[in-house]
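Sequences and hints are given; from them, build the entire structure.
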Amino acid sequence: MVHGLELAWAQGCQRIIVEVNFQFVADFIYGRGDKVRNAENLKYRCSELLHRAWEIEVKHIYREANSLVDWLAAFGLTMDLGYHAFV
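If you want the working numbering, it's the 1-based position in the sequence shown plus 14.
By construction, these hints were calculated from the structure, which means they are not laboratory data. Honestly, I wouldn't trust all of these hints.
What the hints assert, rightly or not - SDA-like, lysine to any residue: derived pairs with alpha carbons at most 25 Å apart:
{"no.": "1", "residue 1": "LYS73", "residue 2": "ARG51"}
{"no.": "2", "residue 1": "LYS73", "residue 2": "LEU56"}
{"no.": "3", "residue 1": "LYS73", "residue 2": "GLN25"}
{"no.": "4", "residue 1": "LYS73", "residue 2": "GLU62"}
{"no.": "5", "residue 1": "LYS57", "residue 2": "ALA24"}
{"no.": "6", "residue 1": "LYS73", "residue 2": "GLY90"}
{"no.": "7", "residue 1": "LYS57", "residue 2": "GLN25"}
Written as structure tokens, this is what we have:
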């Protein structure tokens, strides 16, 4: 997710909605919930990205309600390692 946000920032995106299928991830990004060992650097990086001059929302969505993303994730597993953009 961090790499995706960095890419969106570099592309000049001004408004981002990030949908995650784990409530834990959304809570972690916003600093809620239990601490995760050895993840303070990641938490700091996410916080830094969230506080840039853009509108960003991270929200939980059930996997069943987002079948396209589920399909893309499965499809991505069949691809060679590297950067792939689906536009």
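If you check each hint against the structure, which ones fail? none
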